[in-house]
Amino acid sequence: MRSRWSYVYFLFYLVLGFVMLFLNNDVSKAVITLMNIIVVLTPLVGTVFGVMHFYNSREFTELLLAQPLKRSTIFLGQYFGLAISLSLSLVIGLGIPFIVYGVTQSSAIWDFSSLLLVGAFLTFIFVALAYNMALSNENKIKGFGYAILLWLTLAVVYDGLFLISLLVFDDYPLDKFALIATMCNPIDLSRILILLKLDISALFGYTGATFKMFLGTNLGMIVSLFVLCLWVAIPSWFILRKANKKDF
Amino acid sequence: MSLSRLLFILALLGANQLLYGEILTVCANCEYSSIQEAVAKSQEYDTVFVKEGTYEEYDIVIDKSLVLLGAENALIDATGNGYGLIIKADSVTIDNINITNIGQSYTKDFAAIYVSNSDNYSIKRCKLTRVFFGMLIEKSKNGIVSENQIYGESTTEAASGNGIHMWYCSKSQVMNNELSGLRDGIYFEFVTESVVTQNNSYNNLRYGLHFMFSNNDEYHNNTFTSNGAGVAVMFSKYITMTNNTFKENWGSASYGLLLKEIYDAEIRDNIFDKNTIGIYTEGATRIVYERNLFNRNGWAVKVSGACYTNTFVKNNFVNNSFDISYNSKVNDNKFDNNYWSSYTGYDLNRDGVGDIPYRPVKLFSYIVNRTPQTILLLRSLFMEILNFSEKVSPVFTPDNLMDNHPQVKRVS
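Residue numbers (my numbering), protein chains in the order written: chain A, 1 to 248; chain B, 1001 to 1412.
Here chain A stands alone, though its shape is the one from the complex (with noise of 0.2 angstroms):
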């Protein structure tokens, strides 16, 4: 919790706030730029930071097992703990420069919060990941590369191998396949999320009437949240059961 690095990363977001909006000072532009940078740096600091939170901290987690304390507390505990802490980081790292800014008064105002939500969101399934990764490898190297290669995957060759499948069965209806493989990536899925946010939902009615229905009612944005705590809740669940059975 009293890591050096998430002041850093607060830091980062601090600065990365201020230069942006020095730079344009268009708020709603500005929400687009780090929509971009959020969907990808997120993720991958919440994957770092969880295994490297892990392993750092196995000694003294160790120590702690041999108190009288339940397993869930103390492993829920961590998780929660890294992932509210990389979360406020961002949070306020980005929150004080646009209110300085004034977003308050502005009409992004809404757009800004999801993006923050989803921001949120994403380190906490990101770190849920990554503590499974370190949970079910003891090899440090090892860990950290399949945590590592596993962001890789849902950000950039999930999004490959969709497009690819998507050109192939070009003559079939897709639209259904496409909202699915969508709901599965997380990063996609927030993606998606804040776009709707913004100006572009009449975009994604341009393909269809399935994606007209989905992504241009409320419909969609109810789903997406869900899923997206489904996405948080079932990799806690892998923690929990993974730390129960494990020997240490």
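Since the hints were derived computationally from the structure, they do not count as laboratory data. This one's a predicted model, so the numbers in the text were calculated from it and none came from an experiment. Only true hints are included.
The list that follows gives simulated cross-link-like pairs (lysine to aspartate or glutamate, DMTMM-like), each with its CA atoms no further than 25 angstroms apart: (1) A:K29 with B:E1248; (2) A:K29 with B:D1347; (3) A:K197 with B:D1273; (4) B:K1329 with A:D171; (5) B:K1314 with B:E1290.
Position chain B against the provided structure of chain A, taking the given hints into account.
This is chain B only, laid out in the frame that chain A set:
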């Protein structure tokens, strides 16, 4: 007001009286209680003055040069049975007449005001509500349609009519009208040398303004908001479009401006704001696009085949999801001196012109053209990487399509 001025006006009014002859007044307990009756009894160049009240009449035929003048709240209720006014003479003026309840028909083009074979007609300050067709004007010339308000209650294209529909007309002026809830706000078919200015056309099912087989027309300073598509110009030549605003034409297959099979047009100083597609162009040749602003559109310009010798000069492309979309590798159009907000080049010699050319067609827009579902990958990291590699060495997009002088600052 000075005395001499007053006298002058009185003299003018007197002259008016002489020129136009008698005034026939219509009201519930006047000499004439119906407009039809008054029109039938009138002589050429008389004035029929309709006082306040609701008149349940339809198919009122005006077959001589008259002025039909309404008082405040003079309303003709056509009760859904047919046309409102039918004008079949030259030099007819309709002023401040309100018409409502024009019946819907699948076989006849019922209109609130129907003008046929008229020269020098003028329709102004009329408020037409619950109409099928607002004004249907055929084979007429030298007309003025101004300051009217036309509202329909259209729900489907097949069962609705147009606000101002002109067919085989010439030298007409349509200005300061407000049109909404119709199929097309204004529809021109075989109309030449006509001008459309300062109209406000919104929430229409199909187009705000629609040209078919109409040459040498121009439209300026109009606003088209939330229509199926803002303006459609099809099979027409020599159309000038300046200072218009096309905005919020959102939705599947929604355009700000649709160009199809048109030649030698000029499109200058227009604003395209928040449309799904700013300009959709197909088979358009020798078109000049100059100083237009494309702001926050899904696609600023979507070029779809057979567009030759078009020039895009000094336009501003700001915050569009896609600037230009092409569906082929061939390019015969010129892009020069435009401002592109997504331009990332530099300007070392500080002459206001970017030092490296800008390629407005992204690989992603090519992919989305092929498989629309890929739009879900909009702004993803993977797509950015692909776009970058395509930018470095174009394979799928036209390699000669570039702006060699991208502006660093917005063109004013």
